[in-house]
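Participant: Produce the entire structure from the sequences given, and follow the hints as far as they go.
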Amino acid sequence: MNSFILIITGIIGAILTYFVSEKLKQGAVRASALLSIPVGLFFYFFPQLLDSYLTKNIPLVFIGATFIGMVSSEVKVSYIKLGLAGVLFSIIYIYNTNFFEGYGGSLGALALISLLASMGISVLFSKNEKLSQFISKIKASFFNQKK
Amino acid sequence: MNKHKAIRFLMVSTFLLMQLLILTLIVKDNYENETFVAIAIILLLAFILFYGYKDIDLHHEEYAYEKLLVALWVPVGALACYFLNISMGLGGVLAAGIIGTIGSFIPNLHKNSNYLSQLPVPIYCGAFIGMSSIEVTPSLSFVVTAGIITCGILILSKNIFLGIGGKLGTIAFIGVTISSLIFWITQ
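Chains A and B are the protein sequences, given in the same order.
The first sequence: position 46 = 46 (our numbering), numbered continuously.
The second sequence: position 125 = 125 (our numbering), numbered continuously.
Hints may contain errors.
Stated by the list, open to error - Which chain A residues stay away from chain B? Per the calculated CB distances, all over 12 Å, these:
(1) 1
(2) 5
(3) 11
(4) 12
Stated by the list, open to error - Now the stretches of chain B that chain A is said to cover, found in silico as 3 or more residues with beta-carbon under 8 Å:
(5) 10-23
(6) 28-37
(7) 92-100
(8) 114-124
(9) 160-167
Don't read these hints as lab results, they were simulated from the structure.
Since this is a predicted model, take the numbers as computed values, not measurements.
In this text, a Cβ means the ideal position worked out from N, Cα and C, and glycines have one as well.
Facilitator: See below:
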């Protein structure tokens, strides 16, 4: 259940930041930073509301996911790609190594990994689509010749 | 290979090595805990990541460097965030959020100024250094060292991963890791 909540947080963080940054034209830095403040404040003032695991990790997952949403519109990412990157980010975060705990920027590094992986997955799928179209073309021509 | 090409190659390899290091350590940790599903997911991610590096246009052909006067705001952001995070006890997320928000309003001071419009990025990049926990950043000198190293990396990596989210965080992470190494060796 906790993992599920963190994954949802990741998706919301990534998509909301992109929306504020690109659609509301606030710029990437302000979108990410401004959205993190209410989340940080909430858990700063109400540390007992949720269990300690969620209180500690929801703000971190949220700010990490906002780094994904800082992507520029020139890169041409869709909301689906951002959502997928948010999911990947949360999964990597849940299994993250203790070695870099407390290192500044480690969330950003995870965000970059998950965004690149999400873009890689979509390229992989679009290529497969081309491949399948190519195969169906060959099939069609083959059967036409037979007739 | 000319100088610019060599610098870009160095920067891209540093980024890639850092990501590989993180993924390897995650696999190692999960192997010890016998979480094999996690290992499968991370290995798949590593494969896709390499594929992404090969196939997505991330490294722009032009060579450009960030100006020193702009990048020098990284240590400033780092110190300000460190103060809020550790000295005021606000925690990393809140501290980085506040510094980033203040930084993002700096261009509004003088809307026609080209210089001011470039400042939010280095300030937010510096704020990530200041997010580090007290165990990682024991002293102000550590924050300043990490800030200066990050400042150098930011200057050199202006035209790689252009507009990709997480770039600033990774730069800050490389800065913090290198300065941890320096402090570990010298102490």
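Participant: Would you check whether the claim that residue 5 of chain A is not at the interface survives, using Cβ distances to chain B and the 12 Å cut-off?
Facilitator: 16 Å, holds
Participant: Establish whether the coverage given for the region 114-124 of chain B by chain A is satisfied; the threshold is a Cβ-Cβ distance below 8 Å, and no fewer than three residues must meet it.
Facilitator: Since three or more residues must qualify, the claim that chain A covers the region 114-124 of chain B holds, with 4 doing so at under 8 Å.
Participant: Test coverage of the region 28-37 of chain B by chain A using CB-CB distances below 8 Å; three residues minimum.
Facilitator: holds (count 4)
Participant: Can we trust that residue 12 of chain A is non-interface, i.e. its beta-carbon lies farther than 12 Å from all of chain B?
Facilitator: 15 Å, holds
Participant: Per the coverage rule (Cβ-Cβ under 8 Å, at least three residues), is the region 160-167 of chain B covered by chain A?
Facilitator: This one holds; 7 residues, not fewer than the three required, reach chain A with a Cβ under 8 Å.
Participant: Are 3 or more residues of the region 92-100 of chain B near chain A, judged by a Cβ distance of less than 8 Å?
Facilitator: Since three or more residues must qualify, the claim that chain A covers the region 92-100 of chain B holds, with 8 doing so at under 8 Å.
Participant: Does residue 1 of chain A clear chain B by more than 12 Å, comparing its Cβ with all Cβ atoms of that chain?
Facilitator: 17 Å, holds
Participant: Run the C-beta distances from residue 11 of chain A to all of chain B and say if the shortest one exceeds 12 Å.
Facilitator: The claim stands: residue 11 of chain A keeps its Cβ more than 12 Å from every Cβ of chain B (closest is about 14 Å).
Participant: State whether the coverage of the region 10-23 of chain B by chain A holds or is violated, taking the criterion as 3 or more residues with Cβ-Cβ distances under 8 Å.
Facilitator: holds (count 5)
The structure meets every hint from the earlier list without exception.
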